[in-house]
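Participant: The sequence shown begins at 1 in my numbering and counts up one residue at a time.
Hints in this document: simulated from the structure, not taken from any laboratory. This structure is a prediction, so every number in the text was calculated from the model and none was measured. Wrong hints could be hidden among the right ones.
Unchecked claim - Distance ranges between label pairs, derived from CB positions:
{"no.": "1", "residue 1": "E115", "residue 2": "H272", "range": "15 to 25 Å"}
{"no.": "2", "residue 1": "A52", "residue 2": "A244", "range": "24 to 34 Å"}
{"no.": "3", "residue 1": "D279", "residue 2": "G55", "range": "41 to 51 Å"}
{"no.": "4", "residue 1": "E208", "residue 2": "T41", "range": "13 to 23 Å"}
{"no.": "5", "residue 1": "G129", "residue 2": "A244", "range": "41 to 51 Å"}
{"no.": "6", "residue 1": "D235", "residue 2": "A275", "range": "51 to 61 Å"}
{"no.": "7", "residue 1": "T29", "residue 2": "D239", "range": "11 to 21 Å"}
{"no.": "8", "residue 1": "T76", "residue 2": "G44", "range": "38 to 48 Å"}
{"no.": "9", "residue 1": "A244", "residue 2": "T175", "range": "25 to 35 Å"}
{"no.": "10", "residue 1": "E283", "residue 2": "E208", "range": "16 to 26 Å"}
{"no.": "11", "residue 1": "T29", "residue 2": "L101", "range": "17 to 27 Å"}
{"no.": "12", "residue 1": "E208", "residue 2": "T245", "range": "15 to 25 Å"}
In this text, a Cβ means the ideal position worked out from N, Cα and C, and glycines have one as well.
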Amino acid sequence: MALSQALGATQLAVDLGTSCTRVHGPRGTSFRGASVLAVDTRTGKIVAVGDAAKGMAGRTPPAIETVAPIRRGVITDFDATTRLLWHAIGQQRRGRLRSWLPPRVVAGVPAQATEVQKRAVQEAFEIAGARSVRLIPKSTLAAIGAGVPVWDATGTMIVDVGAGTTEVAAFAFGTMVAAESIHTAGDSFGAALIGYLQREHALTLSAEAAEEVKIGLSLAAAARQNTSLEVRGRDRVTDLPKSATMSVGELLLVSVPEIKRIGEAVASVVGHCPASVADDIIERGLVLTGGGALLGGLPEQLSRLVGMSVHLVDTPQASVLQGAVRCLADSMPSGEQQLLAPM
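With the hints as extra help, turn the sequences into a complete structure.
Facilitator: Listed below in structure tokens is the structure:
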């Protein structure tokens, strides 16, 4: 056993996402919640973290502010991110008498993050109490977590649809051959839904309410039900309560322009691959992961757009975290470390 482990150092896998932060330690998942803080602006004190803070958005008194410090996969509020991480990774250390040493962390960042953005993530973890931080592209972690054979000679492709970004990456021989990050993702589907209801029904809906509608219709689509939901909001003109009915088919119709942008990113990555790798990808199809991939009808619509099969993994929202857990466990076969070299 390594000295650091003998002294009680913890190893943590972290998925620091736009909408959700997940932390997995020796005892399993220790933190899972929205990437949101609620702060008392008079004292600077944290009032709530995670889902509790997200539930306060739009409902707080003037002295309480809710902050979402991760946008489009990167840090936009450094101080708030360090406080969020201090709470999230500190859950593993508090109450453990043997946790004398700070934890060792493996976390993901967008494949096309700049050096400044990657440095911000590393410093945020260090300030939050991490002893060492290993950053790996999120698309790589998602592929490993989804069980994609990235070390095979045959080319493979992962499409990881998060809340703020979609990562498209092609792999062969344990190397990321080509990759692209776009800002069309889960949040874009919600914004498109809000815009549609405003245009077609003069109905104003909050982002939180739109997310609930999106989830409800997506669950119905997954169950092969042609269900309609009543959507309640405010009339754009009178500001009085108003409701409208929306179907699964409408949700997909609204989302088509956003899905087309994902299809264009897939085409771009395929176009940057060597011909043999591109041929492999076209034959094997795409592996779809990420919480945004749960949008009802997305796999089928994306498949029609790109002309390839699309395989949605069983737990798409957990793929990045599962990949980070595997990296910590050092369970990769010998010689497969090239892909996982620190960024």
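Participant: Take the hints in turn and mark each one as holding or not.
Facilitator: For each hint, the structure was consulted:
Our hint of 15 to 25 Å for E115 and H272 holds, since their Cβ atoms are close to 22 Å apart. A52 and A244 have their C-beta atoms about 30 Å apart, which keeps the hinted 24 to 34 Å range intact. About 49 Å separates the C-beta atoms of D279 and G55, a value consistent with the hinted range of 41 to 51 Å. A hinted range of 13 to 23 Å for the beta carbons of E208 and T41 is consistent with their spacing of about 21 Å.
Look at G129 against A244: about 48 Å separates their beta carbons, and that is inside 41 to 51 Å. Taking the beta carbon of each, D235 and A275 are about 56 Å apart, inside 51 to 61 Å as hinted. Taking the beta carbon of each, T29 and D239 are about 42 Å apart, not inside 11 to 21 Å as hinted. Checked against the hint of 38 to 48 Å, the pair T76 and G44 fails, with Cβ atoms roughly 19 Å apart.
For the pair A244 and T175, the beta carbons lie near 49 Å from each other, so the given range of 25 to 35 Å is not met. One distance hint, 16 to 26 Å for the beta-carbon pair E283 and E208, is violated here, with the actual separation near 42 Å. Evaluation of the 17 to 27 Å hint for T29 and L101 yields a pass: the beta carbon distance comes to about 21 Å. Checked against the hint of 15 to 25 Å, the pair E208 and T245 passes, with Cβ atoms roughly 20 Å apart.
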